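Peer 1: Here are the chains, one letter per residue:
2 protein chains.
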Amino acid sequence: MRWFGDVAGLGAWWREVRRDGATIALVPTMGYLHAGHGALMEEARRRADRVVVSIFVNPTQFGPSEDIDRYPRDLDRDRALCLARGVDAVFAPSVGEIYPSGFATTVEVAGLTSGLCGASRPGHFRGVTTVVARLFGIVRPDVAVFGEKDFQQLAVIRRMVRDLAIPLEVVGARTVREPDGLALSSRNVYLDADERARAPCIFRSLESADRAWRDGERDPARLVSLARETLESGAPVDVDYVEVVDAEDLTPLQAPALRPALLALAVRFGATRLIDNRVLGRP
Amino acid sequence: MRWFGDVAGLGAWWREVRRDGATIALVPTMGYLHAGHGALMEEARRRADRVVVSIFVNPTQFGPSEDIDRYPRDLDRDRALCLARGVDAVFAPSVGEIYPSGFATTVEVAGLTSGLCGASRPGHFRGVTTVVARLFGIVRPDVAVFGEKDFQQLAVIRRMVRDLAIPLEVVGARTVREPDGLALSSRNVYLDADERARAPCIFRSLESADRAWRDGERDPARLVSLARETLESGAPVDVDYVEVVDAEDLTPLQAPALRPALLALAVRFGATRLIDNRVLGRP
Chain Z
1 MRWFGDVAGL GAWWREVRRD GATIALVPTM GYLHAGHGAL MEEARRRADR VVVSIFVNPT
61 QFGPSEDIDR YPRDLDRDRA LCLARGVDAV FAPSVGEIYP SGFATTVEVA GLTSGLCGAS
121 RPGHFRGVTT VVARLFGIVR PDVAVFGEKD FQQLAVIRRM VRDLAIPLEV VGARTVREPD
181 GLALSSRNVY LDADERARAP CIFRSLESAD RAWRDGERDP ARLVSLARET LESGAPVDVD
241 YVEVVDAEDL TPLQAPALRP ALLALAVRFG ATRLIDNRVL GRP
Chain B
1 MRWFGDVAGL GAWWREVRRD GATIALVPTM GYLHAGHGAL MEEARRRADR VVVSIFVNPT
61 QFGPSEDIDR YPRDLDRDRA LCLARGVDAV FAPSVGEIYP SGFATTVEVA GLTSGLCGAS
121 RPGHFRGVTT VVARLFGIVR PDVAVFGEKD FQQLAVIRRM VRDLAIPLEV VGARTVREPD
181 GLALSSRNVY LDADERARAP CIFRSLESAD RAWRDGERDP ARLVSLARET LESGAPVDVD
241 YVEVVDAEDL TPLQAPALRP ALLALAVRFG ATRLIDNRVL GRP
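Just so you know, the sequences run in chain order Z and B. Note that the first sequence ends on residue 283 in our numbering; no numbers are left out. Note that the second sequence ends on residue 283 in our numbering; no numbers are left out.
There may be inaccurate statements among the hints.
What the hints assert, rightly or not - Residues from chain Z shown here face chain B by an in silico Cβ test under 10 Å; the list is partial:
# : residue
1 : Arg73
2 : Arg162
3 : Ala165
4 : Asp249
5 : Pro252
To be verified - Computed Cβ-Cβ distance ranges for the label pairs, DEER-style:
#  : chain 1 : residue 1 : chain 2 : residue 2 : range
6  : B       : Val279    : Z       : Pro59     : 51 to 61 Å
7  : Z       : Asp67     : B       : Gly102    : 51 to 61 Å
8  : Z       : Arg15     : B       : Asp192    : 38 to 48 Å
9  : Z       : Asp219    : B       : Glu16     : 49 to 59 Å
10 : B       : Arg46     : Z       : Arg15     : 21 to 31 Å
11 : B       : Gly234    : Z       : Ser94     : 40 to 50 Å
12 : B       : Ala110    : Z       : Ser94     : 16 to 26 Å
13 : Z       : Asp20     : B       : Arg46     : 53 to 63 Å
14 : B       : Asp192    : Z       : Ser65     : 57 to 67 Å
To be verified - The following residues of chain Z were derived to be distant from chain B, with all beta-carbon distances above 12 Å:
#  : residue
15 : Gly63
16 : Tyr190
17 : Arg259
Don't read these hints as lab results, they were simulated from the structure. Note that the coordinates shown come from a computational prediction; the quantities given were computed from them, not determined experimentally. Just so it is clear, CB atoms sit at the ideal spot from N, CA and C, and this is done for glycine as well.
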């Protein structure tokens, strides 16, 4: 497995790979890798000859009051996980390598970014699309794999790739969960024992709405109420949002919901913000 | 010469060209081609095996009070000029092909776009960078050639390409002028006989500042004064701006100017806005 900290080194490797006629899949991450990232790597492996994992905690997608300073990092563990998953190359650049002196460009997707997480994290998606556009330019993969846990991010990146005609395929991979349903996330490490014990209410909430959908419920407001009730059935929860939206363009759905619907939510346990979602009725 | 109105057709041609191992140079234009564009095509021909000219009057780079509705168009003449210059393919898409339903992405370069034309044309460069990023994604050239008459545009696109690591080389080509010094521009057709007769004051103005620079003048304010005096020596001129800036980052220069300096100006003759510039002292 190769490890690159700079654009030039990765570029030389890229030319070698292309000379061999091999295809490349990229898994962009912020590191502190877990089995959810592992599933993305496996998906990448199925899609291309070479798998590149990028590890970069991108400052521009964190708000001023967010957790960039304490965001968990462990490059040794990340390296071991990438090795175990048969990753071919890791790209772990410094901030200066991604944002060289004079960096002045932003890429932004309107509309899709205004609701859900975009509403409570202004500027977040602009940071994401900008860094991902640059990573796509540096790595030039045939395929890029993102997790569905960050469903809005996946939709935003798909739109950016389509709009800018970036020549690659965006692939979404199913969320990996703990046995009790909690979606894997690097931020789960922030949870104390009590918060961790309460966190599966998120999954139960998604499940309850999904069951109702399967039973024929198509009223977004009632699905949201049901999800919120389940969420708070144990103890009060600090809810950022619980919404049912169009699974494609993420706009609010009117009753009855006639198109594929996404239930998405964000909640806080102490200072820790967790997100999760479910495409209702999807097998 | 091939002529494509749609992305899919151009894409099929692209794959053929790449299968032959040939390189591609793109000349992005708004059509109504003249000998200045011809020089860009020649530069493109020197740089790559195949030359693509794109023709697209991009609505998003025109302000609400600007001239998009009367912007001159003549695709038959454009076709003849491209043929005569040995262009391999023309990409002349519709607005709907460039901005399909749901298009939501913008690319923006900060800083470089705030002064000069950016100050009087808010949103103009955002329109330019967005459409050029999309054209780069569609055409995927090895080289893209832009004219130095639009010096700020060239600098902005260079920055975008560097920042997003778009894998191509941006080449600037020298401005082509009429015998009396007027820079070729599709907008020159707007000038009536009187305006056309007065317009060479622009070139004389650049020349006077350039002579002063060669004689050792390094005070930006005095260079600007001299340029303005020459500009208005015949009759009053409606000046949008006359500025001396750093030729690289386009920031205002302090006296004495120690770095390569650009004199840039924009003036109006009636409703017609013309721009021109000169890197002072450059051979």
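Peer 1: Hints first: check each against the structure and report whether it holds.
Peer 2: A quick look at each hint next to the structure:
A cut of 10 Å between beta carbons decides the hint on Arg73 (chain Z): the least distance to chain B is about 24 Å, and the hint is violated. Interface restraint check: Arg162 (chain Z) against chain B, minimum CB-CB distance 8 Å, threshold 10 Å, status holds. Nearest Cβ of chain B to the Cβ of Ala165 (chain Z): about 3 Å, under the 10 Å cut. The hint holds. Interface restraint check: Asp249 (chain Z) against chain B, minimum CB-CB distance 7 Å, threshold 10 Å, status holds.
Taken as an interface hint, Pro252 (chain Z) does not check out: its beta carbon lies about 17 Å from the nearest beta carbon of chain B, beyond 10 Å. Separation of Val279 (chain B) from Pro59 (chain Z) is about 36 Å and departs from the stated range, judged on CB atoms against 51 to 61 Å. A hinted range of 51 to 61 Å for the beta carbons of Asp67 (chain Z) and Gly102 (chain B) is inconsistent with their spacing of about 33 Å. As the Cβ distance of Arg15 (chain Z) to Asp192 (chain B) is approximately 55 Å, the hint placing it in 38 to 48 Å is violated.
The hinted window of 49 to 59 Å between Asp219 (chain Z) and Glu16 (chain B) holds, with their beta carbons roughly 53 Å apart. Checking the proposed 21 to 31 Å range against Arg46 (chain B) and Arg15 (chain Z) shows it holds: the Cβ atoms sit about 24 Å from each other. A beta carbon spacing of about 56 Å between Gly234 (chain B) and Ser94 (chain Z) contradicts the range 40 to 50 Å that was offered as a hint. At roughly 22 Å, the beta carbons of Ala110 (chain B) and Ser94 (chain Z) sit within the given window of 16 to 26 Å.
The given range of 53 to 63 Å is broken by Asp20 (chain Z) and Arg46 (chain B), whose C-beta atoms sit roughly 31 Å from each other. Checked against the given bound of 57 to 67 Å, the beta carbons of Asp192 (chain B) and Ser65 (chain Z), roughly 59 Å apart, stay inside it. Here Gly63 (chain Z) stays apart from chain B, with its beta-carbon at least about 19 Å from theirs, past the 12 Å limit. No beta-carbon of chain B is positioned within 12 Å of the beta-carbon of Tyr190 (chain Z); the least distance is around 33 Å.
The non-interface label for Arg259 (chain Z) is consistent with chain B: the shortest C-beta to C-beta separation is roughly 14 Å, beyond 12 Å.
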